[in-house]
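Participant: Given next are the chains, with one letter for each unit.
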Amino acid sequence: MAQIFHRSTNTISRVSIYAAVFIAAGLAWVLMALDRSPYTTRQGIVLGQPVPFSHEHHVSGLGIDCRYCHTSVETSWFAGMPPTATCMNCHKLIWKDSDMLEPVRASLREGRPIVWTRVHDLPDFVYFDHSIHVAKGIGCASCHGRVDEMPLMRQSAPLQMEWCLDCHRHPERRVRPRDQVFDLAWQPVDQATLGARLVREYGIRSARDLTSCSTCHR
Amino acid sequence: MSHEKANSLESARARLAGTRGREFWRSLEELAGDPSFQEVLEREFPAGASEWGEGLDRRRFLQLAAASLAFAGLSACTRQPLESIVPYVRQPEEIVPGRPRLFATAMTLGGYASGLLVESHEGRPTKIEGNPEHPATQGATDVFAQALILGLYDPDRSQLVLEAGEISTWARFIARMSAALPALQANGGAGIRILTGTVTSPTLGEQIRALRTRFPKMGWVQYEPVSRDGARLGARLAFGVPVETRYDFAKADVVVSLDADFLVEGPASVRYARNFAANRRVRVGHERMIRLYAVESTPTATASLADHRLGVPPSEVPFLVWALAAEIGVTGVELPKALPEERARFIREAAADLQRNSGHGIVIPGDYAPAEVHVLAHAINERLGNVGTTVLRTDPVEVEPVDQVASLSTLVDDMRAGRVDLLAIVGENPVFDAPADLEFKEALLKVPLRLHLALEEDETSQYCHWHLPEAHPLEAWSDARAYDGTVTVMQPLIEPLYGGRSAHEFLSVFLDDPPRRGLEILREHWRLMAGREDFETLWRQSLHDGFVVGSVFGPRKFALRKPAAAEAVSAIRAAARDATAAAATAGGAPTDRFEIVFRPDPTIHDGRFANNGWLQELPKPLSKMTWDNAAYLAPAAARRLGVASGDLVAIEAGGRAIEAPAWILPGHPDGAVTVHFGYGRTACGRVGKGTGFDAYPLRSSAAMWSHPGGTIFKIPGRRDLACTQEHFAMEGRDLVRVGTIARFQKDPEFARKMEEAPGRDLNLYPGFNYEGHAWGVSIDLSVCTGCNACVVACVAENNIPVVGKDQVRRGREMHWLRVDRYYEGDSESPDAHMQPVMCMQCEQAPCEVVCPVGATSHSSEGLNDMVYNRCVGTRYCSNNCPYKVRRFNFLQYSDEKTPVLKLGRNPDVTVRSRGVMEKCTYCVQRINAARIAAEKEDRPIRDGEIKTACQQACPTQAIVFGDINDAQSRVARLKAEPANYGLMEHLNTRPRTTYLAKLRNPNPDLEPEKT
Amino acid sequence: MKDKPPLIAPGYTSATVTDKISAVVLRGTPRWWFAAFGAAFLLVMLFLFTLGHLFLKGVGIYGVNIPVGWGWDITNFVWWIGIGHAGTLISAILLLLRQEWRNSINRFAEAMTLFAVACAGVFPVVHLGRPWVMYWLFPYPSTMGVWPQFRSPLVWDVFAVSTYATISLLFWFVGLIPDLATLRDRSRNRFARIVYGMLAMGWRGSARHWHNYESAYLMLAGLATPLVVSVHSVVSFDFAVGIIPGWHSTIFPPYFVAGAIFSGFAMVLTLAIPLRALFGLEDFITDRHLQNMAKVMLATGLIVGYGYFIEIFMAWYGDNKYDMYMTVNRMLGPYAFQFWSLIACNVVVPQLLWIKRARRSPAFLFVIAIVVNIGMWLERYVIIVTSLHRDFLPSSWGMYSGTIWDYSTFIGTIGVFLALMFLFIRFLPMISIFEMRAILPEAKVEGGKE
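If you're matching them up, the sequences are chains A, B and C in order.
Okay, so the first sequence: first residue is 1 according to this note's numbering, each after it adds one.
Okay, so the second sequence: first residue is 10001 according to this note's numbering, each after it adds one.
Okay, so the third sequence: first residue is 20001 according to this note's numbering, each after it adds one.
So here's chain A without its partners, still in its complex pose (with noise of 0.2 Å):
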C-alpha cells in the first residue's frame, strides 16, 4: 500500500528527538536570563524625572558631599531626599532663571513637593537601613555605582536577592574604611587582607547572622 511517509521522515524524526532536549533546555536558559535582564531588574536605565538632575554635575563637578542632600543618611534607614528649600539655597542665586529649574521654584513658590521617580526601588517586603550599611563602612558606590559619573541617575546594580546575598555571604569584599565611604572613586589595594581586617575592626557580624532572613525581612 501507499506510504505515507517520506524516507526522510526517520532522519526527521530521530533528529528531533535529541533536539527536544536542547530546545527544552534553551528555553529553561532564556527565562533565567530574562529573570535577571535590564528589562526585569531596570539595572542601567535611565528613568523619567521631573528635573534632569546631573550627579555628575553636581559631584565631580562642584564637588558637593552625597551627605549635603542625603542628610540622614548616617541616621536613619531613609538616605534623605533633599527639599526643595535645599535645591534653592543655592538656586536662588545661581541658574535662578533657567527654565530647567521651573519646576523646583514653582515647588518652592505653591508648596507643593516635586515628585522624583524612585531609581533604586527594593520590595516593600525588603527593609534595608542605609545608616547600618554606613556605619560598616558600605560604600555608596557599592551599590549605587559611579554617580558621580552619571549625568542622569540610573540603577547601576540589579539588587537581586542574590546580589544581596553576595555581599551579605562575604562582607570582605566589598567593606571599606569608614573615612572612604562617601568617596566614590575610592579603589582598594589589597582588599583581601583589608577585607579581613575591617570586618574584625567594625564587628560585622557573620555570615549566619546576616544571611538570617529577618535581617531584611519582617
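Note that these hints are calculated values from the structure, not bench results.
Note that the coordinates shown come from a computational prediction; the quantities given were computed from them, not determined experimentally.
There may be inaccurate statements among the hints.
Claimed, not checked - Here are the simulated SDA-like pairs of lysine to any residue, each with C-alpha atoms no more than 25 Å apart in a straight line:
id: 1; chain 1: C; residue 1: 20321; chain 2: B; residue 2: 10936
id: 2; chain 1: C; residue 1: 20020; chain 2: C; residue 2: 20036
id: 3; chain 1: C; residue 1: 20321; chain 2: B; residue 2: 10827
id: 4; chain 1: B; residue 1: 10936; chain 2: A; residue 2: 6
id: 5; chain 1: B; residue 1: 10897; chain 2: A; residue 2: 172
Keeping the supplied structure of chain A fixed, place chains B and C upon it in accordance with the hints.
Facilitator: Chains B and C alone, transformed into the frame defined by chain A:
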C-alpha cells in the same frame, strides 16, 4: 453595600463585553487591576451556597478562568511598578525621615486620664504605649488605649457638620449660635442645658464655670452609662462630703474584693494590677504572696487570680459585706441571720485574715456595687486601720461630683416640662444609653434647639438639629486628671483628619467671640492656674512629661459618720424586703425568676467602641466570644431552662423585654444572668452595625447595675456566636501548671516534674549553637489576669488584620498572641486559668523542617523567621505546629482599599497579603531597630532595651523578653527559677517561650493543703 | 494453567483479535460515547470555573482553617495518587512476574494511571495559598539565591510524583508503539494515518525493532517497579514525618502502598467491568481476569485492615496520652461516622471476596469496587482531619467541613479523569493488540516462531 457590589460587577462585565481576541487579554489584565472588580473578588464571607448565586454565565466564567491566568502571569514576572519619592518642600528640623518620634499625651475613659506615649512616623501616629512616668499607667496600657489608634483612623467617624441632616459648616454653626444666644441670655440662660460625661479636666471645668457666670441659670448635667455613682453616693453617705478613695496594693497582704474587677476595669486598674502583681509574684528567696478573696455576682477576670472565690447573685453581695462588717466588729452592725454555712465560713475566714493583717489589708468595693456596700467597706477599712496605709482618701478628682442618674432624670423632667430651650450634648450618646425608664428620646424631642458634638453620627445625632464632628483625643488639646488627681496633658499628634473640634473649642463657641482654638484655651487656663512667671518652663516640662509633676492629690483625713454603717445595714434590709415583695407580685414561674447583672462590655465598653474592629474581634476575657454579647448563665441555670449556648432567650424586667443568645459561663452564680451593654447599636459605622443585642432597654434609673426581679425563658431560634476557644478542659494535659505556695516551698520544681523533657542530645538534624544573642520570653502565669492588653498591643504593632465574625467562626482569626483560658474543678465554681500563647520560637521547630520553600527558617539568634514573601501557603507548618500559633491569610484580609487605614499601619512591618502564613516574630522589627542602634554606637544591646509589644502593654509585667545567653538578663534569671517550665516540652521542641507555674496562696483554714 | 479457564475465549486468531480490538477505534463512534463524553466535559468546565474562582478569591473558599490546614484538597491528592498505582503495578511488576493475564488489562490500567496522576497533580497546586509561585518547589537557580527546603516531604513529593508520572507516560507510550503502527496501517482516513504514523515513529515490526522494543520495555518495567513502592511511601511521609498524633507513625509507608494498590485495582475493576460490556470484550477481559483482580484486592485489603488494627494497637500499647486520645476521638469523636464507614468499606465489605460466587459476578465486583473507592477516600479524610482537628492544645481544637467549592473541585477532577478516559478509549486501542496476540493459543503452539 451589596447593591454597589452588584453594580461594580456589572461595570466589570460591561468592560468585558464586546472585547475579543487579543484585545480581550489586555482588558482582562486591566480588569485584574480594576478596584471595583477587586472588591468583587475580595468580598468577605467565602464559600457557602450563596456563592452559586453569582451564576455560571459565560462572561463571569470567562472573567474568572482567564483573569486567573492573568494573575499567574503577572506574579511570575518579578518586575515592579514604578514608585515615586516625595520629599518635603521645607523639612522641619526636628524630623529625621524614617525615624519615629514619641509624644506624651493621654486618653480619658469615664473622665479619668491615663497617660500615654504615642509613636509617630512623619506625623502619623501608629502605636500607643503607656507613659512610664505617668502614675496611672506606668508604661502599661489597657485594651482601650491600645485600640485608640484604630479609632483615630476610623473611616466611619463623622466627617461633616450637619444641620438637620444637611451638610453645613462650623462657620454657619457659629453664626447661628451667636444669633441665638442673646435671646437665651435674657433670662440668665435658664433654658440652656449642657450634657457632658464625667469631667475631670480642669480647663473644661473652668470653661463651664465661665459659662455659668455668663448664663447664671443654665444647667450642667453629667451622665455616662458607665460611671461610679455607687462610689460617689457611698462616700457622701459615709462622710457627708464627696471623697475619692484609692488603694495601694503594694503595701497590702490581704485583699477582699466585693464585686470589684479592679485589676482589669476602672480608671486605676492598670496601676492597681501593676502593684498587685508586684506583691503576688513569687521568686526563690522572695516567697510571699498577696492573698485575694473575691465575692462577686458575675465572674470577672480579676477573680481568675483569686485564691478564694464566692459567686453569689447580686442581691446577696450586700448581705455578705454586712456579715463581713459584723465579723470585723464594725460598731452598730450585728450578724445577719440565716447566712448559708459555706458563705458564713468564707466571710469568717476572710475577716479573720483581714484582722491578722490589719493595716495591710484592703476591702475594695466594685464601682458598680450599691452605695451601702461602699459605706460598709469604708467602715471596715476604717475599723481595720487600713486607712492611711493601703487605703487612701483624697478630695474628689472630678470637677464636680454629682449623682449622675439623678442629674440626668432632672434634665429629662425639665425637657418634658419644656423648661429647656437649648441642649448641648458633648461627646455622649444618651438616646442609646440612658436608662430606658427615663425615655430620654421622647423628652429630647421637646427641646427646640438640640446640639450634638460626637465622634460619630450615632443614635443621638439623628435627633439633634446640629451634629458636629468631635476631634479625636489624638487630634485635640486638652487636659484631665488621673485617678489620683494628677493633672495630665493631652496634646494632638495630628491635625483633625475630619475637621473635628474638641469639647473646649465647642464650648468656646458660647463663651468667646470669635471662638478660640484648643491650644489657646488650654494655655490661658494653665497660665492662670500656674500663676507663675516661669509658666513657659512649666508648660514645656509638663508637655514633655505628659503631666504636671506633683499635681497628685495628697491623702487627707475624713471623719466617718458614726451612724453610717448602721444606716447602710437597715438600707440593705429594706432593699431585701422590697425585692421579696416584688418577687411575690411578679408573674412567671419561680424557676424563670432571675436577677439581672448589668456590666459594660469588656471590649467595646458602653458602646462607644462598637465601631472598633480590633476591640470587636478581641475575645472577651472569660467567654472568648467575639463580635457579640450574650446572656451569661450558670450551667445549672441553663440546664433548668433547657438552653444551650447560642439558643435565644427572652429576658424581661420592669415591663421591658429583650431577646439574647444564651451563653453558659462556668462559675456564673445560679439565679442570676449577666448581660453586657454596648452592643445592638443601630446608628454606627460599618464595623459595629448588626453586632450583638442592646441590653440598655432592661436598665432603669432605679436599677442601674443589677435588677432584683427579672424573668428569663427560652424562645425558638439560635444565634451563631463566634468564639475563639470552644474547648475549656485541659484533658489531663499539663498545660497550665498550678500549685499552692505551700507546695512550691515543699518542692520548688513541682511544675517541671509534671512532664519529662527529653535530653538535649536527642536530635535528628545537627542542632544550632547560638554564639550571639538567644532571644527568649518568660511568662508568669501567677499574675496574668487575661486582660487582653497584650493581644491588642500585638495587633497594633504588627498590622494584624481584622477578619470579621464569619471568618472567626471558621476558625480563621489572625491574632498572633492569644490568651487561652482553661477551667479546673466543677463547672459551677471552677478555677479559671489564663495562659498567653504566642509563637514559642522552638529551637527545634516542627514548622521549619516541613516548609518546602524554607519560608520559615531558623535565625542565628533562634527565632523562627517567617518570610511572608517566600511563603507559598501549603499550611504544612501550621499543621505541624503543636501550639497552633500560626495564622494563615485564607483570603485578602488586610484592607488595602481604605486609604486612611494605611496611615495607621506600622511601617516597620510588612502588610501581609492573601495566601501567606504569619505568626509572632517576637517583634523582630524592634529587635533589629535596637541592634542597629547598638551597633552604630559600638555597644552591646542592653537588657530591657528591647521590649516586645505584648510585654510593654502588660499591666502586670507578666511577660519578659530578653537574651537568655546573658545569664544576668531578667529573662535568663526567670528561666532559672524552679517554677519555670515549657509547654509541650516532651515533644523536644525546646520552646524559647516558657512559663512560670501559676502559684496560689489559699488560706489553709479554708482550703487545707492536699497531701 | 491446566485447570484455569483460558485468558482469551477460544476460536480467536491473531487476525480476529486485531480486528476486534482495532475496530473499537477505527469503526464509527457509538452514540453513547458522545453523551458520556459530553457529560464528562461539563464537569471539566465546572472544574475550570472553580479554579478561576479559587485563583481570584484565594484558598479561603475551601473549608480549611486553623487547626485543620488540609482537608478535601490533600485527601483528593492522596486518593488519586493511590488510584494511579494499579496501572504501573499491573504493567511492570506483573510483567516481570510473567503474569500473562495482565496483557488484556495493562493498557487501560496504565492510561488510568496517567490520568489519575494528572488529577492528583492538580491538588498540590490548588491547595496552595499562592498557586502562582508553586514553581518555587522545584530546584532551579533563582534570582533569590535560595533553594527549596529539601528536608520537607513536600519537596520529596515533587520528585516522587513527577518521576512517577514521567516513567508511567514513557512506559505507556512505548507499549503503544506497535499498536499505533497497526492502527496506522489499518485506518483508511489519511489524517488518522498521519497522526498514528507519527506516533508510531516508523515502526515496521522488523526483528530489530522487536528486539530493541523488548529490551526497552523490560528496562522501563524495571525502572517503574521500585517507583510503585516509592511514590506512595513518599506521599505517606507527608504525614509520617509530622508530629501530630495520628500522623506520626512508622507504619504509614507500607500500609499506604497496600492501600494504593487496593484502591488502584478497585478503580481498574470500576472501569473494566462496564467497558468490556459496552464494547463486548468479554472474550478478552474474561471473568478470570476479574477474579484475579478481586484476589489482589482481597489481599491488599487485608493488609490495609491490618494497618488500621496496628495503629490502634500501638496507640494503646505505646501508652501515649495524646495518641490514645486521638484514637478514641477517631472512634467516638465528632468524626466517628466517617471512621466507622471507612472500616465498613475497606475492611468488612471486601471480606465478601472470600466467596467464589461473589468473585465470579461482575456486577457484584463492580459494587464492591465502588465501595472500596469510597472507603479509601474516607481513609485519607479521616487520617488528615481527625488528626488535625484535635491535636495537642485543647484551646485550639476546631472542626472542619468541606465547602461547596471543595466538592466542585473534586467532582471537577473526576470529570477531567473521565473525559481523558473516554478520549483514550475512542482514539487508542484500550487493549494491547500485540500482547493479546502473544497469549493466543496459536502463539503458544507455534512456540517462539514469528
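Participant: Would you list, in rising numerical order, the hints stated earlier that this structure does not obey?
Facilitator: Hints 1, 4, 5 are the ones this structure does not satisfy, whereas the remaining hints hold.
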